Amino acid sequence: MSVINKMEGMSRNLKKAHKKLIGFPSYFKDWSTTFKGGVTLFCLLILFIFPIMTQNPYYLDIFVLAMIYSIFAASWDFLAGFTGQVSFGHAIFFGISGYYVSATLVFNNFSWWAALIVGVIIAVFVGFIIGIICLRMKGPYLALGTMTIGLMFMNLYRIGPFKKYLWGDEGITAVPALSTNAIVVYYTTLIFMIISIIIMLRITKTNMGTIFKSIRDDETGSGASGINTTKYKVIAFMISSLFAGLAGGFFVMYNRSVGPLIFQPYYSFIILIMTALGGIATISGSALGAFTFVLLTEALRDLKELDPTNVFLDAFSHPAFVFSILLILIIRFASEGILKSALEKLKDLWDVLLGR
Amino acid sequence: MGVILEVKNLTKKFGGLTAVNDFSFEIKRGEFLGLIGPNGAGKTTVFNLISGFEKPSSGSIRFDGVDITGLKPYKIVNLGIARTFQLVRSFKFLTLLDNVSVSCLSKRGKKISKKIGTDEYASSILGSIGLVDKARIPPVILPHGDLRRLQIGKAIGSNPELLLLDEPFSGLSFEEQLGITNLIKKLHEDGVTIFITGHVLRELMTLVPRVLAMHQGKLIADGPPLEVANNKIVLEAYLGRGAEFA
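The listed protein sequences derive, respectively, from chains A and B. Read in order, the letters of the first sequence are residues 0 to 355 in numbering that gives the first Met the number 0. Read in order, the letters of the second sequence are residues 0 to 245 in numbering that gives the first Met the number 0.
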């Protein structure tokens with residue numbers, strides 16, 4: 000009897016998938032004609048033709064870094080914005096993957112994609128462990144707990160006694176880039192960023208995504224509705240750590256080295272800033288925040304050069320200073336992130352221009 | 000029609016305070032049972048103990064012959080007991096449809112969702128509670144009466160055999176109470192065993208054929224509403240000493 004039920008279920012799923020596939024072109028058409036879809040496509044277009052406009056590796060590098068941070072920030076948003084688990088230690092997954100991607104690249108001569116697979120698997124495993132450790136932690140305790148574990152990792156990989164296994168202060172150097180061709184690096188990273196964000200977005204729209212959101216909104220109520228919140232919190236941690244690990248792998252190939260400082264709070268906090276900028280619980284907003292962060296940092300860097308004696312210019316050329324102020328302003332005035340309100344204003348402007 | 004819930008010597012102490020004291024009773028399958036008592040009598044604690052939100056200090060709870068004492072709430076839901084809360088809670092940022100879908104996605108609810116589809120199942124529940132036209136709206140703008148309905152909708156998504164309703168009438172206008180009453184009556188007709196607490200006595204007493212009365216953690220009466228309402232001890236509990244002369 001149950002075999003027949005299973006087969007009925009499978010055939011229904013196949014029919015659903017078939018419908019989705021057939022429906023995709025019209026779905027795409029509908030989506031691309033919305034304002035949000037149009038803007039997204041426009042941004043993607045710019046990203047795709049950017050290397051055609053300039054082959055300067057300096058500029059390509061900046062964008063590559065932004066794309067890496069996009070994946071990293073989106074992974075954080077997935078856990079915090081959609082499942083309500085706010086971690087201040089996401090650098091753990093970023094770094095642990097970075098270390099073993101580097102190690103397999105340098106010591107085992109792995110190809111870039113094989114190394115990435117190793118890094119991601121390790122990151123997911125660590126995500127599983129951390130998820131279980133942090134199960135009973137909520138709110139500020141979860142944040143503090145994850146931050147502390149991050150610091151633990153940083154010191155673990157730094158101190159002398161473990162140097163033999165964990166490479167100590169110097170870490171691993173001479174990590175090969177993904178490719179010697181900067182354009183290949185650019186497009187590979189771009190594709191991975193797009194796929195990662197699409198996957199994370201799609202998950203949030205599934206039944207499991209609804210369960211994640213229910214845990215975020217009311218964890219007790221979710222349990223009262225029959226959901227094993229423990230299981231799903233751990234799953235969310237693992238999905239999040241997968242993509243954070245992916246980002247970490249790309250990062251060490253970009254940076255050409257890895258050391259204990261990859262675990263430092265800086266990396267855990269910049270993704271917070273990026274997500275806050277772009278809008279929590281939007282996934283794609285994190286990417287926007289990442290690009291804003293990286294481009295703004297670059298732009299500010301030159302500020303000091305304008306007049307080396309001016310104290311204000313000096314202060315504002317430090318990203319930490321600028322983004323701290325920016326974060327406070329966002330929390331106070333635009334807690335939904337810049338993305339939503341900016342998009343709405345843009346849409347209004349667009350409507351006005353079109354005479355609607 | 001066997002016994003669906005068997006509670007024996009249930010006791011819950013919070014430090015020096017005994018909230019539930021040697022509480023024992025049985026519910027038969029298909030019954031419609033009420034639990035009354037003044038505020039602070041321990042009614043919600045009894046519900047919390049049965050549904051797994053609190054662990055008893057001593058005593059046992061058996062559901063359909065299975066010992067469920069001390070099990071986690073989600074496990075108890077998947078065995079067939081669902082509950083609503085005294086203070087309405089909802090998934091703030093989800094649509095009504097998604098709010099109901101969550102319990103439809105429980106292990107127990109999935110048995111139905113797999114067959115007819117999660118959205119269809121959740122929509123039909125919204126239909127039966129009269130909120131289907133608000134399916135895409137988040138709960139934040141709903142009036143209190145609709146939120147109480149939503150509570151019940153969220154509970155029945157897991158297809159429970161026993162439904163614990165914690166003060167479903169509080170804060171409702173007369174019409175809203177009527178609406179909820181009809182909804183609960185219909186659920187009972189469909190075969191769900193209902194255990195309902197309240198201290199809006201008039202509504203409850205005309206609804207259920209059997210009522211338990213509780214005072215300071217103890218069971219003080221068990222019988223048809225008229226009998227319980229005229230019980231000396233119950234009157235003292237509600238109105239104080241000398242009430243029989245009132």
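The set of hints was computed from the structure by calculation and includes no laboratory data. Fair warning: there could be bad hints in the mix.
Which residues of chain A face chain B? A few of them, derived with a C-beta cut under 10 angstroms, are [stated by the list, open to error]:
no., residue
1, Gln-54
2, Thr-219
3, Ile-226
4, Asn-227
5, Thr-228
6, Thr-296
7, Arg-300
If the Cβ cut is set under 10 angstroms, some of the chain A residues that face chain B in the computed set are [what the hints assert, rightly or not]:
no., residue
8, Glu-7
9, Pro-56
10, Asp-60
11, Asn-206
12, Met-207
13, Lys-212
14, Ser-213
15, Arg-215
16, Gly-220
17, Gly-225
Within a straight-line C-alpha distance of at most 27 angstroms, the following computed DSSO-like cross-link-like pairs (lysine-lysine) qualify [said to hold, decoys possible]:
no., chain 1, residue 1, chain 2, residue 2
18, B, Lys-231, B, Lys-114
19, B, Lys-113, B, Lys-74
20, B, Lys-27, A, Lys-339
21, A, Lys-230, B, Lys-54
22, A, Lys-14, B, Lys-110
23, A, Lys-339, B, Lys-133
24, A, Lys-204, B, Lys-217
25, A, Lys-5, B, Lys-217
26, A, Lys-35, A, Lys-346
27, B, Lys-91, B, Lys-133
Nothing here was measured: the structure is a model prediction, and the numbers come from that model. Even glycine gets a Cβ: it sits at the ideal position worked out from N, Cα and C.
Tested hints:
| no. | hint | in the structure |
| --- | --- | --- |
| 1 | Gln-54 | 45 angstroms, violated |
| 2 | Thr-219 | 8 angstroms, holds |
| 3 | Ile-226 | 6 angstroms, holds |
| 4 | Asn-227 | 5 angstroms, holds |
| 5 | Thr-228 | 7 angstroms, holds |
| 6 | Thr-296 | 32 angstroms, violated |
| 7 | Arg-300 | 38 angstroms, violated |
| 8 | Glu-7 | 8 angstroms, holds |
| 9 | Pro-56 | 43 angstroms, violated |
| 10 | Asp-60 | 38 angstroms, violated |
| 11 | Asn-206 | 5 angstroms, holds |
| 12 | Met-207 | 8 angstroms, holds |
| 13 | Lys-212 | 6 angstroms, holds |
| 14 | Ser-213 | 4 angstroms, holds |
| 15 | Arg-215 | 8 angstroms, holds |
| 16 | Gly-220 | 5 angstroms, holds |
| 17 | Gly-225 | 3 angstroms, holds |
| 18 | Lys-231(B) / Lys-114(B) | 53 angstroms, violated |
| 19 | Lys-113(B) / Lys-74(B) | 19 angstroms, holds |
| 20 | Lys-27(B) / Lys-339(A) | 54 angstroms, violated |
| 21 | Lys-230(A) / Lys-54(B) | 21 angstroms, holds |
| 22 | Lys-14(A) / Lys-110(B) | 19 angstroms, holds |
| 23 | Lys-339(A) / Lys-133(B) | 24 angstroms, holds |
| 24 | Lys-204(A) / Lys-217(B) | 48 angstroms, violated |
| 25 | Lys-5(A) / Lys-217(B) | 49 angstroms, violated |
| 26 | Lys-35(A) / Lys-346(A) | 8 angstroms, holds |
| 27 | Lys-91(B) / Lys-133(B) | 14 angstroms, holds |
Consistency with the previously given hints fails for numbers 1, 6, 7, 9, 10, 18, 20, 24, 25, ordered from lowest to highest.
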